[in-house]
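Please construct the entire structure, taking both the sequences and the accompanying hints into account.
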Amino acid sequence: GIPIRTTLDNSTTVHYAGLLHQLTMKARSTVRDIDPQNDLTFLRIRSKKHEIMIAPDKEYLLVVIQNPCE
Amino acid sequence: PRALLAAMLTDRTAAGAEVESLWRSSRSARCEAKSCQTGKISTTETAVQSHTSRDAGVQTEQSKDAVRDFQQEVQVDYASLLSFLQRVEAAVIKELNKNWRSHAFDGFEVNWIDQSETVLCLHNLSYPEARDQNLQVTSLSWNATGSVVACSYGRLDGGDRSTEKSYVCTWNLDRRGLNPQRPDLVVDVPSSVMCVAFHPSQPALIAGGLFSGELVVWDTSRTEDPVLWRTGMTSDTHTDPVYQVAWLPDAKRRNHHQLLSVSTDGKILLWREERDGRLALAEGFAVVAQQVPHSAQLKKLAWGDVAVGVTSLSFSHFDPRVFVVGVEGGYSLKCSMAAETPALHRTGSSVPLRAPVELTFSPHGGPVYSVSCSPFHNLFLSCGTDGRVHLHSMLQTQPLLSLQLAKKYLFCVRWSPVRPLVFAAASGEGNCNKCSCLTGDVHLFDFQKSSQKPALSIKQAMGDHPVYCVEFNSKQTRLLAAGDAAGAVRVWQLSSDFTEQGPRELNQLEQLASEITD
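Protein chains in written order, with the working numbering: chain R, 209 to 278; chain C, 7 to 524.
The hints are simulated quantities; they were obtained by calculation from the structure and are not laboratory data. Backbone N, C-alpha and C fix where the C-beta goes; we use that ideal spot for every residue, glycine too. Treat the hints with care, since some could be wrong.
What the hints assert, rightly or not - The following residues of chain C were derived to be distant from chain R, with all beta-carbon distances above 12 angstroms: (1) 128; (2) 162; (3) 232; (4) 263; (5) 280; (6) 286; (7) 299; (8) 335; (9) 365; (10) 407; (11) 461; (12) 465.
Claimed, not checked - Okay, the calculated bits of chain R under chain C, using three or more residues with CB under 8 angstroms as the criterion: (13) 235-247; (14) 250-256.
Unchecked claim - Selected chain R positions facing chain C (in silico; Cβ < 10 angstroms): (15) 212; (16) 213; (17) 259; (18) 261; (19) 276.
Have a look at this one:
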């Protein structure tokens, strides 16, 4: 997807946008494959260093990256 | 009968056509399966994005203006964007709040690779002829692919070793049938080799610095005569042994590298390859005592116009022109390749030598034998004969930490390439009464566990042979090689807690750097 607004630097934003769009589509098709009446509402990826949260929509994606307190 | 024949004929041609179409339909069936699995999904995605791929193209040009402008070129319907944001705002904020208060993942760790708890000695490599001549391992290097380790034999104790024969040996650890007593390649060198360094991208080239002051580059893939380039003995060559050699990317010619050598004659020289197998001097620096800046906090250097012997060098990973050198006087000096002032060096050379020193750091109690810049932060370590390791920030003269490791000399210190808080130090020699001395020769420090004593001390061998050099393998990050005075190179496999970066380690390193300055 194309980034519209970002608070990160441009190259990181572009990197995240491309990868996360594909992942969101895959997650969505997985959810709908299991149950066609269901649909993806929110996606969270937790990694060693931080947590990525994605709110999907028909036209847009909101991506938030948070450093959780340990 | 005629009607039957006619029917049979038509049947036969139909059968023939059927065979062909079976083959085609199975082929197309395979094609269809492919498109179902991957092509179909990806094509719908690209169809949606195809009109926007032009914008992506603008971004990859990497010119600053183009990248800054992308946000304005995209046609955005702000009304629908606003309604979208208003729809998701509540959900996202709720998740963010839940997350930072959550204890759900406390202590939750995932292991993607096999954990190993212990440190084991994988290989004990040596060259029997060198051991018979009582030669010591003076230096080690891993090659660009991380599968070959090379060591240089020579002697680090005093005496004139310029005519003593020595060897450079390489072992390929990934080869089947590796014989630890028979190196894959042995290069006979007429003078003692003090340091070796593999080329950072060409796995077969290795450079060595000799006791005589010369530099030689060997090509290990050539069987007849491995010598590729050499400096020879010219007026430019070092007049003292070369203690460290390093490859630097050539600023002017891409994909070419230059060689940097340091020696106790005070000179830091940059060599480039010439066509006739010669290494010619490209640039040079000389460290002269009078030109070393000293702040009011340090004692005045009372050496006069004397060259300061350089024993070690390390480049900063953040600024490619800044490097740190350690000198015999116990000082670490921050230098820059961009320095312009000419050096007050007496002997003439073909290229004018410059004075590179910009900052003098607080000294050790004895000569500095090794410096190492951290790949993760603007910090460096220095160690020397006073048995202490100093952790310095590049920006200030006083050390952030001064650790007394042992009463023994410390010969080498290296940061870990994967864990920002870990470093290794090699020790040996020195007066060691049976006090609270650390047994062991290779010490691994982990600032996450303790900033006072090593997390692990590895005993290299029986007996009291000092370990002169230690090198981490940056490609196979579990391996650590250590070479000692008995002529053996041991390859250690580290446990996973030395090789896996923790989640907040970089933050902890920054915190360490800033809290100690206060």
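Right, here's what the structure says about each hint:
1. At roughly 28 angstroms, the least C-beta separation between residue 128 (chain C) and chain R is larger than 12 angstroms, which holds for a residue marked as non-interface.
2. With a least CB separation of 42 angstroms from chain R, residue 162 (chain C) remains clear of the 12 angstroms interface cut-off, as annotated.
3. The Cβ of residue 232 (chain C) sits about 43 angstroms from the closest Cβ of chain R, beyond the 12 angstroms cut-off, so the non-interface label holds.
4. No Cβ of chain R approaches the Cβ of residue 263 (chain C) within 12 angstroms, the least distance being about 27 angstroms, so the stated non-interface status holds.
5. Annotated as non-interface, residue 280 (chain C) keeps its C-beta farther than 12 angstroms from every C-beta of chain R; the closest such distance is 39 angstroms.
6. Non-interface status of residue 286 (chain C) relative to chain R is upheld: no Cβ of that chain comes within 12 angstroms, the nearest being about 39 angstroms off.
7. The Cβ of residue 299 (chain C) sits about 36 angstroms from the closest Cβ of chain R, beyond the 12 angstroms cut-off, so the non-interface label holds.
8. Annotated as non-interface, residue 335 (chain C) keeps its C-beta farther than 12 angstroms from every C-beta of chain R; the closest such distance is 42 angstroms.
9. No beta-carbon of chain R comes within 12 angstroms of the beta-carbon of residue 365 (chain C); the shortest separation is about 31 angstroms.
10. With a minimum CB-CB distance of about 24 angstroms to chain R, residue 407 (chain C) clears the 12 angstroms threshold, and the non-interface call stands.
11. No Cβ of chain R approaches the Cβ of residue 461 (chain C) within 12 angstroms, the least distance being about 21 angstroms, so the stated non-interface status holds.
12. The claim that residue 465 (chain C) is not at the interface with chain R holds, since no C-beta of that chain comes within 12 angstroms of its own (minimum 33 angstroms).
13. Residues of the region 235-247 of chain R with a Cβ under 8 angstroms from some Cβ of chain C number 1, which does not satisfy the need for three, so the listed coverage is violated.
14. For the region 250-256 of chain R, the assignment as covered by chain C holds, since 4 residues bring a beta-carbon within under 8 angstroms of that chain's beta-carbons and 3 suffice.
15. For residue 212 (chain R), the suggested interface contact is upheld, since its CB lies about 6 angstroms from the closest CB of chain C, less than 10 angstroms.
16. The beta carbon of residue 213 (chain R) is positioned within 10 angstroms of a beta carbon in chain C (closest approach about 7 angstroms), and the interface hint is therefore held.
17. Given hint, residue 259 (chain R) at the interface with chain C, holds; its Cβ is 6 angstroms from that chain's nearest Cβ, closer than 10 angstroms.
18. Annotation: residue 261 (chain R) was flagged as interfacial toward chain C, and the flag holds, the nearest CB pair being 6 angstroms apart, inside 10 angstroms.
19. For residue 276 (chain R), the suggested interface contact is upheld, since its CB lies about 6 angstroms from the closest CB of chain C, less than 10 angstroms.
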